[in-house]
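Engineer: The primary structure of each chain is shown beneath.
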Amino acid sequence: MQGIRTFIFLLGLILLSSFAVAQQNETRPPSILLTTQTDYEVGNAVVLEFTASEGEKPLLYCSNSYGSTLVEALLKNNVIQYKIPENITKKTGVVLWKLLQEKESVSGQFNLNPKAEVATIETYIGPPSIEAGETDYTMLVVIPTDSLDNPVPTNTKVNAKFQFLASEEKEAIFTKNLIAYKNIYSKRKSGRMLVSSESLGVNSKEFTIQVWAAIPTDFKISAKRPHNYADGNQVTTFATSVIKDKQDNVVSDGTFVTFFITTENGNILKTTGTTIKGIATSKMIHPDFKDTWNIKAYIDGMAESDTITLNYQSVIDDFDIAFTNKNRKILVGPLQSFMKQMIPDGLQVKLLIYKNNTLVDTITKTSFNGYVTFNLKPAVYQNGNYNFRVETAGIAKTFNNKKLW
Amino acid sequence: MKETSNKYLITAILLGLAFHGSSIFFTLETTYDALIHLFFADHYANSWFEPWNYEWYTGFTVQSYPPLVHQSIALLSMIGGLKFGMFSVALIAIVLFVTGAYRFSLLITGNKTVAGYACVLAVFSSSFIETLHIFGQLPSIVGVSVLMHALPEIYLWLKTGKKWYLATSLSLIAVTVTSHHVTPIFGMVFFIFPLIGMVIMDVSREQVNTMKEVTFKIFLNTFFKLFKRILSFGMLSLVLIVGCIFPYWLNSKANPITQVPIPHGSRDNFLEITSSGLVFFLIPWGILLVLLPYIFYRYYSKRYLFFGLSVTICTILGTGGTTPIPLKMLGETAFNILTLDRFTLWASILSIPLMGEFAYRFTEGDLKARIQSKFGAVYHRIIGGILAGLMVFMVVFTMSLNYFRPSQPQKIKMLPIVNFLNQDDHDKWRFLTLGFGDQMAWLSAQTNAMTVDGNYHSARRLPELTTRPIERLENSKFKGVAGIGSLQQFLTTPEKYNLKYIFSNDKFYDPILYFCGWQRLRQLENGIMVWERLNIPPVSSILPKEDVAKWLKIHWGIMPFLTVLIAFILNIQMLWVNMLKTRIKSTPDFLKFPTKYHKFNRNVLRITHIWSLFLAIVVCYGIYLFYLKNDSQRSPENAIIAYYDALDFKEFEKAHSLIDPENQLPIAQYMLEISVTDGLLSSYAKMDAIATEITTHNDSTVSAKVTTQWITPLEKIEKIDYKSLSKRKGKWYLQPDDLNNDLPPDQLYANNATKYFNQGRRRITTEQTHHEDILKQPVLEVISAKLVQYDGSYAIIGEVQNIDNVPADVILKGTLYNDDNKELATYNAKYHVKHKLMPKESTSFRINFEGIAWSRTQDSIPDTFNPDEFTPVAFEEQPTKFNLQVAGNVSGSDLYKNVVLSAIDIKEETINGNLFNSGIQEITIPQLLITYYDTNKNMVWVDHLFVKEGVRQQRKQDFEYRILKNGQVKIINTNMDNIFVNGLPNDAIAGKIVPNRIENHSDAQLQKIDHPDFSYIKIEINTYIGSPN
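Those protein sequences? They're chains A and W, same order as listed. Read in this note's numbering, the first sequence has 188 at position 89, and its numbers run on one by one without any break. Read in this note's numbering, the second sequence has 502 at position 501, and its numbers run on one by one without any break.
Chain W extracted, bound-state conformation (with noise of 0.2 Å):
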């Protein structure tokens, strides 16, 4: 018989080609993944067989990723660059993909026209089009798609003990394992153990007359036949696992992850974060969940046991942390460190044949003849074009994910970053993205230059970061306070990683980067803002690396290749023959087992119906509980939370229309009150959690006490606002707050200022330093510095001042030693502390010694992050003395004084006061330092206070401070020996300007409070602008 072209595999390639061949173009680059593979594919590119690569987290190895896919990114790149061979291999990979499925499906039914309806609908499987499209995971598919080539080899093996079988299906294991180390693993697992129990029952089959005979000790007899094969195939493969790997298994041994678990979508509780039940649940299985019944009927079938037990445990595992089964299953660790949404992605691949069986019986089978004979012809088609419907809605909705809900921000033009680290030695020094989502893999595949960050957390090292569950610094603000805090000690401490630059997508971080002492350089024509920081070294020309011995960076280089090209060489025959048909072969034995179709179970259809309704039901309550909870006027407390997330997201038009009408407030007006508003609160906070409380209830009206946790680049805000709310016509509404009518006295005035410009480099050289341009360092003076204990934390506290001509950023830094002189910590003044100082100006200071500041984090960091809490527990790590270094650096920037204490009313507990600005820039955030003095007038500690909202030019801003209760200060060292300014002593340094200072000159002007243990505070005023102009 003369073997005809299967049709429908040509249509599935063709299809699959045209459909994702032409859309990856417009997804991969903004998935999760694609990217991060792009950068190893650079990597490679560019030093094929050095694992080492010093860009990511100062240092990390590539032998931590299996090689394949990045490597044959990085082949193709030579021909065209990285982006061709990044899309060369996604093609690659789909059509690996749809073959891989029609050979599956065709081993599994044994029918050449149910593979083929299998492989036309995986091309539509949304859970392969979210791993292409939304995840961009290519190793993971390749990876899988291999092993389903693999699968029909290894069951010929097992059934027919050709040794040609052994090695075909050994040469694809291999590829596999290099290009995805958990596909065969689990694939093992998931795939290979049913196949070989599919294989005994055929083998037992055929020693008697039908499937029912096969009993457990015909079935146990075949397993011992059976047995050598199996195990001769079990430990060759192992062997292929561990050997085209060893690098890799060798540095998981010698970096064990040491990363506490970060937070996954697919360990989530779908049912309460239903945002990740839709992407890793709902999309993945998308019209498969119809077919759930029918696919365990089928699987559960005695041919099938295995693999329906397989599908059982993949779909449990998949469904994360809604069942307490997943994490009971996997233990702990494995829980933690999986990601589970391979698991349904596994459930999926495993249902593709009887997808394609069902349809098949659907569109030409029994399952036809017998619908049409029970419920009529019309019934039919309607029931086919809903499934049809619902499988193009899952395509459509899973492609166009990304374009509703982006993932990843705005497309960034790479280049004038590229070009500024390229300029003037910029990329000496490690550089910071923030909020460029995965795009800062493809800047680091396009510079040399080396960031702090990363994009793979397996690999990194530092134990700032393997501390942290936060992903990536830059997209920190998404962590809460945990990834805040984590940002802040990288912003805080610089130097120890030289990080000087800093590329900012989101203004949200401005605040924090000023008040960690960073300050604006430019922005650059693609709208990023640099930021960068004074007096941080270059990164030296020698960096440590953690070397592999020289064969192991052969084997790595070479391995994957040679899987491939062996496996090429091996298959390639088969392929050949199987799609030229050239000659006539043997039917594989796997098709001498076909299923008949010839009456559908009616049980089957009658549970599908049930089940269907039953989907649909819950749909339905779903989409009404989605409507109760966002009609936004049913009720005050859905009306204030509309309220609120529409300020969030700054929907101004959708806030107000949530207004009172009767109040006839007009939206021009309305947006010209909210637009005034700018600060910390309005400009830089993201709603972390809203809690209503309504407190006086009659019909028609409602107060309600609005209490809203805001996360904020600097510190958690609680707000509590009390608003009143209306019901007109059924509708809640709000009340307009009022309006501050403050009224400036002046309509146009003028300000004089000193500003300053640095030129830098006055010639156009690249010689490293010009000596004439070099400017003097201004000399600082610290007046006083203290080592103190408060509330269980130490602190070095004190005063310094610019006592040079010329402005000055400072930068203090402080080491804490114990008795025996060990060094114990060290850390630099973050907030507490103005930065940027006049020349004769001078600021109150706090260094806080934050948990990584010390030498021995590892075993005191606490589980709940909080960065400000830290105390050293063994007595032995006291410290006793400390050391303090100060550097000044000339800044002309970010200079603005003109800000004014108003008025003071100074209270029990609080003092409340005015900010007034004189100047002519708007104030968006305006902190306040309080230096605490005792009754003689020494001080004894310095607090801080960020004023929520901004102050705009001459208007007044009413601010409420919490005097600290407990006020007890151990002083602890006041000795000021070792204090150094710009490298020297600070008294001899000091002595030489000012040599007869006058000591505690402005004590008369301390202000005066009533409290047990503080007499006397102060307050300086320091601000950010958030646009200055």
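This is chain A alone, in the form it adopts within the complex (with noise of 0.2 Å):
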């Protein structure tokens, strides 16, 4: 018995003696922060330097806004440092420490201040097309950065440089939040502006800003045609006066342009066109029958032209028929244009084929030579009566009672 209770007491010794040991622990004291400096400039060495305690190395936890890491400590002297690693040096803003002590964890923080220099210029301007007259702009955005990358103190000058036309123009803008910026309005004249900015002596490269033209104004029409004939085959060509914006800048190519064409029913005809240098053309090929146009452009919603007339005369004013081979040979012609020329090949007439009063068929060809024959075959039209109507250039013509056999 004697020897446990011996046991006991030497084991309860011995628990206490680790209490002891603990207690010695905590008494320790924390280690406490030498550095004063709290403000640096981005990219120079960091060392904090701490008091040491009996040769413990705590690790220094330490963020920014880039992320953060745990420093390792450099015992010196019986002083410990911690040397800030470069990728958070690098960067400006507040970087937070806190040494990781088991107690009385001291903490802190310290800034970072930009470099007073510039190394790179970020730009950016946008849309890269505008419309003139003073009022649509686009967004000029500098941001000068620290050879670091870091961007420069807040109230950096920055010169933004505009040329446009014959001006070349300067003006300063300051950085602030980081950035500095412009809208850049358009004038009253379209063209090419090239824009670039300078800070402390370095410049950015050079942008392109597209001032088109605004949206187009009324505007005249003209036709030019070879003749004023109906012959169904020559081009008349309409072209608008220059189309320009309210500020008289010229449309930008390509503006469409519709002609719309009224004929002597009421029919509504179409043609359009493009502009270059603000002009339209558009083409009409000629009416094959007499007939006057009210022709008037659009640009829908936007702009609009007078209204110009056209007379086209009748180049047809009559026209034989000639039956053969037992009236199934019909020959129409000769066909003759205003000068009693053969007209053009391609007029269109039509034989309208009546039988008992009802139309049976129609038969559309078109001239060859001045002449169009028409062939009733005996196997599709049989033998009996029939009346026809043969229709070219706006006139008619009925034969009644036609046999054939």
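Worth double-checking, as some hints may not be accurate.
[Stated by the list, open to error] In silico EDC-like cross-links for lysine to aspartate or glutamate, where the CA-CA straight-line distance does not exceed 16 Å: (1) 288/A / 248/A; (2) 464/A / 743/W; (3) 706/W / 460/A.
[What the hints assert, rightly or not] Some chain A residues well away from chain W (every beta-carbon gap over 12 Å; in silico): (4) 153; (5) 168; (6) 301; (7) 382.
Calculated from the structure, these hints are not laboratory results. All C-beta atoms, glycine included, are put in the ideal place defined by N, C-alpha and C.
Taking the hints as your guide, dock the two standalone chains into a single complex.
Structural biologist: So, in structure tokens, the structure goes:
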């Protein structure tokens, strides 16, 4: 029994002594920050020094806006040093740190301030095309940065430079919240604006802004034609005056203009053109019968032209029709034009065939060398009496009770 | 007794390797299936254990097809590339087939010489040639070959009960399962069941003295005696069939095939569709057709009775839709999923031993003796010559079928396409091929880019595809309206699938691409045209996939080769013994039942004669019918059909030969007249049907009304022509049509136009978006938009204008909502819009909501496919609100605007007019957009007309448009609040550029019409230029 008691006593002593050791640890003084500097220029080495406590080397936790890391201590002459890693000191902003001791952890912060130098200039501009007229604008955003890619201090001066037509301008803007920006309003003229920026002697590259003309205004139209006959073959060309916007800029190339043609019987024909140097041209084939055209051009919802009137005279006053071969061969022609010349090939001639006053068939052929021939096959058109109507160039001729046999 | 090598077998193997081995290099790549297997192999080569494949159908699992052949190709591809792997596996398949045919024949006939004959003939079996060289079904060949190897082992197990044979037979069954799933399942029925019957017969036979004494009672007793072995084999092979490709069955259960039946030639009525009859009946049967009476006679003898039943069933099932029996036997579902040609293949393989037997008896056996004694030696030789000649003819004919009737387009050089996809991040979008045939699988195997299409339709899951009876989008023109309709849906809403690039090998599809808003990018050096669509987002970097458990992946990756390995180890010993004759082994049991060839049955010979005569008459009659149908000038109908066929296939010389020679129209002139007509009908149409109606008749002159149906990429066209024909010297000729004599005014003329070029990336850089090089999206303004209902279907109509200073590509996307703001449908404007607008140009538009646009499509897609026909059924699905998203992008292409409406004539029901082409490009397809207005000049509907003929430069082209009849349009919503241009509100952005818009500006220029429901119309013209120059 004696032995056991002694054993328990000894065990108790050992236990107690272990507590004593723990207590001793707790009472050890915490490390204290020795470094007093709290503002550094970015990129410089930052070393935090602490008093050492009995050879302990706690880790230093530090974090900035990029992220967090742990730094190992370096013991030197009873001072522990923490060299803040480069990836943290290269970035401007606040760095928070905390010494990871078991109790009474020490913490603090220091600032990394931007350098007053510009190494690169990041520039953004958009939209790349705007409209003339002093209301539309594009935005220039300049971000000067130092050699470590940090934004420069607030209120760093940036010179925005513009070239437009004859003018070259320069305007100072200042960085705020990391960037400097400017809304560039268009002028009254259209053209090409070149933009660049400069800060602390460093220049950006060149940017281009296209200033387009604004929406078109009303314009005039004209027509040109080789003759005023309705021969169904020649081409009339319509053209607009130079179409401009309200600031007198010529509208951009490719602007779409629609020419509406109202014919004598109220039908609407249509031809379109796109502008080159403000003039849109458009072509229309002549009608093949006498007609009067009223022409007006539109740029939908924005502008319109005056109305012009064109008259087309009939080229054919009359033509002959000959029935041969048991009335089964119908020769139409000669179809002669205004100078008694044979009409150009392709004039449409319609033959309407009626039996017992009902339309049996319509045959459309085009003229060749001034004539059109219709052959009525016995297999198709049986013997009997037919009425025929021939239509061409706005003229119609009727033959009643022709007998096919 | 020392065994001698079977010289026939060695001959057969050498012949097979020499003949098939050398010809596969010219045939295999143009077969239907080989390249699909190559694509699967490429998948395994890149990711052996990962079954999910992203490249086809927006993702599918390769666990939908047994992997052994694919994995073998993949493994061999590590040595010499994919094609090396494929050809190596094909060579192995050839050897397996020849040796398999030998062992199967030996098993059946019990005579080595006969088996030798059989395997030599099997090399030239037309069904094998067709399966390998035309269909390219490698897994199927490997499967059935290994099955043939398994049959003797099964026989021996059942007969002797030695466990060794059970192991070998099961090991071979396992290999069969992993190479092809259908083969072992049906193989059980058609090969193994009859074999079991034969074993029982043989065992019964041993108990009595002659075959005649085997009664049903003895048979039944033997069956019960062997029942344990049969059952154990059956159960174990069932376990293997399920176990070896367990992931496959699991996947089939998880993703049941929802595909609607896709028509297949083997299900046709072979008498009606003779081409199917040729490919799926005549060719696979080949010479065996002559031997049919002999085959049935022999297989219906007592020992082979069950094989007789099996061959009969296979034969009948192989006739497809010719008789209603296959449909009744298989049931609707199986009939529509299975391709029935495989039954004919099995029937022909079952017949191989008897073909050998016949040949043996004919060349050196009792048949020779009988024929010579009855008809003389000369007759025997002649018959022999005819049979051999027929055989050679079938071989040559089958091998050259692909040469005369290519099933695939010309071989396409893939490298330029692969390079295109690799450059400039083009593989960040999905692509689609058109007119590539099965070569699309080869393209997919070579690139990482993904396509919405695919070539294994059982695996696809997109409802847009599974609800359509089409194989692939890329050959949709062969599937009529359903095919073109499905393609149009993908082309209209490509952003849904991140589909940006289309490689077109067939200009047939060009018009639909253009009118769906696509633009030509450039032609690659292999002649493939690349089309692109603007405003498509790239494929997201994380894509959904259906994952399976890891053990399934490992099972799938390891099991196939494990089965091969086990089969190899178990059977290799036998192989060596068999091949090298290293030691004398006991004769296998099946050799104990040889047939005695002493007296050829007289009746069989007689019936074979009669049958051959019958076949000869049928063939001659067929040829006569063929001649009648193709003698183009026998009747006016024939002449018309021949003429239209010739035009359809652009055989102008043949067409000219059908023109009345009395007109003295020289071919040069004829060609000139034909060649000047371009347009939808003459350049982009495929004739679908033709009907002629002879209206007037006398002996030598006929006038005919010809109604033709044409499938064009845009719509189905019915055309009615009136032709007159004359009979000259007993032949019918067509009279030529009149020419349009329209003479353009100018020989040479000038045209100024503004052209645009977008540099794209100005600097050579791989940086994704260089912000300086990004152009501003052109500002568009939606002038009006409304939701309307017309004729039961909903549409958003309106007018949009490009108010910017640069030309714009316009994409309109409409979404419909009900009163509870529930999204019902979303779709893009298809061809009721001018997709390319010059600055300040405007266009009317209409967005249709086709079947797939609706969220609840599955239950409401009509059975007969018509993309335009769709009406939501449920009341809560009625749309009341809409949202319109308009996107503009700068585009410099397809901006031809020089087309003029030069004459118009309004009648009660029709509008006739002329289009005049005032520019310097030939217009291939003019399109009219006709907008209808009510009395107050409110827009109510937009319609379109594709003019069938093109317009040449400075020429006129007339058109006829039928005014819509029932015109009651219900306007549902005109609220324009939810309209966005490039993501910004329409009102705000338009107000900045056009603050003082002249409302209803050109209303004064609307065309008045006389109609109860509509008062005005507006005609706009859009043009497709087929070959810009």
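Engineer: For the pair supplied as a hint, residue 464/A and residue 743/W, is the alpha-carbon distance within the 16 Å limit?
Structural biologist: This hinted pair holds, its Cα atoms lying about 10 Å apart.
Engineer: Would the non-interface assignment of residue 153/A survive a Cβ cutoff of 12 Å against chain W?
Structural biologist: holds, 53 Å
Engineer: Run the C-beta distances from residue 168/A to all of chain W and say if the shortest one exceeds 12 Å.
Structural biologist: holds, 29 Å
Engineer: Since residue 301/A was said not to touch the interface, does its Cβ keep a gap of more than 12 Å from each Cβ of chain W?
Structural biologist: Non-interface label on residue 301/A holds, nearest chain W Cβ at 19 Å vs cutoff 12 Å.
Engineer: If you draw a straight line from the CA of residue 288/A to the CA of residue 248/A, is it 16 Å or shorter?
Structural biologist: violated, 39 Å
Engineer: Verify that the Cβ of residue 382/A lies farther than 12 Å from every Cβ atom of chain W, and report whether the claim holds or is violated.
Structural biologist: violated, 4 Å
Engineer: For the pair we were handed, residue 706/W and residue 460/A, check the Cα-Cα distance against 16 Å.
Structural biologist: holds, 14 Å
Figure legend: structure checked against the earlier numbered hints; hints not met, in rising order: 1, 7.
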